[in-house]
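The hints should help you fit chain B onto chain A, whose structure is shown.
Those protein sequences? They're chains A and B, same order as listed.
Quick note on numbering: the first sequence equals residues 0 to 298 in numbering that gives the first Met the number 0.
Quick note on numbering: the second sequence equals residues 0 to 215 in numbering that gives the first Met the number 0.
Simulated from the structure, these hints should not be mistaken for laboratory data.
Glycine is no exception: its CB is placed at the ideal position from the N, C-alpha and C atoms.
Honestly, I wouldn't trust all of these hints.
[As the list claims (entries may be wrong)] For each label pair, taking beta carbons as the anchor points, the in silico distance ranges come out as:
#1 B:92 x A:113: 27 to 37 Å
#2 B:120 x A:101: 44 to 54 Å
#3 A:113 x B:4: 34 to 44 Å
#4 B:137 x A:114: 14 to 24 Å
#5 B:137 x A:146: 49 to 59 Å
[To be verified] Some chain A residues flagged as far from chain B (calculated, every beta-carbon gap over 12 Å):
#6 3
#7 7
#8 13
#9 56
#10 111
#11 120
#12 125
#13 163
#14 174
#15 219
#16 247
In case you want the letters, here they are:
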Amino acid sequence: MSKTILVELSDALADAAEMAGKATVLVNARRRMPASGIAYAADLILTADHVIEREEDITVTLADSTEIKAKIAGRDAGSDLAVLKLERAAAQVAEATKSPARLGQLALVLGRPSKNGIEASLGTVSAVGGPVQTGRGGMLEKYIRTDGISYPGFSGGPLVAADGTVLGVNTSGLANGVALTIPADVAWKIADTLAKHGRVKHGYLGIRSQAVEIPDATQKMLKREQGTGLLIVSVEKDSPASKGGLMVGDILVKVADVPVFHHDELFTRLSGDVAGKSTPIEILRGGQPQTLNVLIGER
Amino acid sequence: MNFNGTFTQAIHELVEQVMPSLVIVRGRRHGAGAGIVWSENGLILTNNHVVGRHTPIVVLQNDGEYESRLLARDPDVDLALLSIEATNLTPLKPVAGARQGASVSPRVGELVFAFGHPWGQRNTVTRGIVSALAFAQNRRGEMLPIVRSDVRLAPGNSGGPLVNTNGEVVGINAMIIGGDQSVSIATSVVNEFVNKVLANNKEPTTSNQHTPQDVI
Numbered sequence: 000m001s002k003t004i005l006v007e008l009s010d011a012l013a014d015a016a017e018m019a020g021k022a023t024v025l026v027n028a029r030r031r032m033p034a035s036g037i038a039y040a041a042d043l044i045l046t047a048d049h050v051i052e053r054e055e056d057i058t059v060t061l062a063d064s065t066e067i068k069a070k071i072a073g074r075d076a077g078s079d080l081a082v083l084k085l086e087r088a089a090a091q092v093a094e095a096t097k098s099p100a101r102l103g104q105l106a107l108v109l110g111r112p113s114k115n116g117i118e119a120s121l122g123t124v125s126a127v128g129g130p131v132q133t134g135r136g137g138m139l140e141k142y143i144r145t146d147g148i149s150y151p152g153f154s155g156g157p158l159v160a161a162d163g164t165v166l167g168v169n170t171s172g173l174a175n176g177v178a179l180t181i182p183a184d185v186a187w188k189i190a191d192t193l194a195k196h197g198r199v200k201h202g203y204l205g206i207r208s209q210a211v212e213i214p215d216a217t218q219k220m221l222k223r224e225q226g227t228g229l230l231i232v233s234v235e236k237d238s239p240a241s242k243g244g245l246m247v248g249d250i251l252v253k254v255a256d257v258p259v260f261h262h263d264e265l266f267t268r269l270s271g272d273v274a275g276k277s278t279p280i281e282i283l284r285g286g287q288p289q290t291l292n293v294l295i296g297e298r
Numbered sequence: 000m001n002f003n004g005t006f007t008q009a010i011h012e013l014v015e016q017v018m019p020s021l022v023i024v025r026g027r028r029h030g031a032g033a034g035i036v037w038s039e040n041g042l043i044l045t046n047n048h049v050v051g052r053h054t055p056i057v058v059l060q061n062d063g064e065y066e067s068r069l070l071a072r073d074p075d076v077d078l079a080l081l082s083i084e085a086t087n088l089t090p091l092k093p094v095a096g097a098r099q100g101a102s103v104s105p106r107v108g109e110l111v112f113a114f115g116h117p118w119g120q121r122n123t124v125t126r127g128i129v130s131a132l133a134f135a136q137n138r139r140g141e142m143l144p145i146v147r148s149d150v151r152l153a154p155g156n157s158g159g160p161l162v163n164t165n166g167e168v169v170g171i172n173a174m175i176i177g178g179d180q181s182v183s184i185a186t187s188v189v190n191e192f193v194n195k196v197l198a199n200n201k202e203p204t205t206s207n208q209h210t211p212q213d214v215i
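Next comes chain A alone, as it looks inside the complex (with noise of 0.2 Å):
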């Protein structure tokens, strides 16, 4: 009686290749070798920069096996993600995952490099961390690391939990040649910027910072529990931030309506739709919360 766990483990598996696999497609733009997709939208498609390796003359393979013209919306080398624009809306959209991903839960590393079908190969979620400096000059936010195999063409294709959604996009371009998975929710944000603006604006304060606590009488004025903000310990001179009013000994709480409580959270949201834009942000100054509007500057 016992078996069946192992067979209905067995047929999770080949189920969540099966769903996952639909949304993923061939993606033909560079010589001899196709790579991989994710279908994120009916006629977008989301894959690695480093495998769009030619501007014109772009196909992608559905996993009904048809050939779409398609042309590229926008790329990023810095996070060695790109979308694809599809010449009509016909794919199968991914579903990405709502629980991301954790240490040791099983994970499917799935791609089509070829027309012959799908191919997977199973791993367990080996790390998740970051941020982390990519081989590519660019920041990630997180990234999932997965002890399965990907074999060639698998760069752009995703990384699957035993429920068949999408965990992240694999990629073999951001540390040298080892194989990386980029988070949904980050790709996905990132994918949502490119093809809309083409490229990733990268906002830019100018200034240093560092976590530090933050009493629970000053929660209080701030109406919320926050434990953690970011003293600012120095301010670049003709900085978007010294332009904007930030002092060193402020400590910043939030941006854009987001509370801040360490580096990572500020980074995120710095690079995306802030750039280039009047913000507000709120800071704690003499222990009173004030909020200044800050020209965050693009880079």
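Below, chain B without anything else, positioned relative to chain A:
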């Protein structure tokens, strides 16, 4: 529920079920490979490349050693069928067909277990999943269906079975490509080979007639 215990137990049961059908196929000169009991009355299936120039010795799980007779070999599908003078063996079943609700068998992502003697380590079980259903071109230019898996195979696994969670044979382990992907000969190829051999094998065997019915 003690999931962990149940899971380990399930794997243990699978191993107990399959292991009696695993044999050693030992050439007279080179090292040994693996093979599987294909029929109760002494048919042994292995890779062609495991069988050297001379007919090999087959070692069963009870350590019984048997001189074998080579019934057929085909380098183009890398399969060989041997016969030994033994009865009441425990044969493995080839996977019958796609399971309910699935269109193919095996399926990509399905759990598989390889049984063999990698690097001479007897009776070793290795886990993986089906990576891809693919084709390999043989010398005749034919495209042979193969099962690729992420199971870590090594020399000594050749000729051994790749089984699914029901203990059915989904392939015969044959080789390793690129260092990390294993190739097994699909059951359809195996069935075709065995059936052809048995149909053509007019020569009477000593005690048992091997008929195609034995295979099923």
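Here is what the structure says about each hint:
1. B:92 x A:113: 27 to 37 Å: Given a distance of about 31 Å, which is inside 27 to 37 Å, the answer is holds.
2. B:120 x A:101: 44 to 54 Å: violated, 33 Å
3. A:113 x B:4: 34 to 44 Å: The hinted range 34 to 44 Å holds for residue 113 of chain A and residue 4 of chain B, with Cβ atoms some 41 Å apart.
4. B:137 x A:114: 14 to 24 Å: At roughly 21 Å between Cβ atoms, residue 114 of chain A and residue 137 of chain B fall inside 14 to 24 Å, so the hint holds.
5. B:137 x A:146: 49 to 59 Å: At 33 Å between Cβs, range violated.
6. 3: violated, 8 Å
7. 7: violated, 9 Å
8. 13: Residue 13 of chain A is in fact no farther than 12 Å from some Cβ atom of chain B, at 4 Å.
9. 56: holds, 27 Å
10. 111: The claim is violated: residue 111 of chain A sits with its nearest Cβ about 10 Å from chain B, within 12 Å.
11. 120: Contrary to the label, residue 120 of chain A does not stay out of reach of chain B, its closest Cβ about 4 Å off (not over 12 Å).
12. 125: Since the minimum Cβ distance to chain B is about 15 Å, residue 125 of chain A lies beyond 12 Å and the statement holds.
13. 163: violated, 10 Å
14. 174: holds, 18 Å
15. 219: Holds, because the least Cβ-Cβ distance between residue 219 of chain A and chain B comes to about 45 Å, which exceeds 12 Å.
16. 247: holds, 53 Å
Hint violations for this structure: numbers 2, 5, 6, 7, 8, 10, 11 and 13, all remaining hints satisfied.
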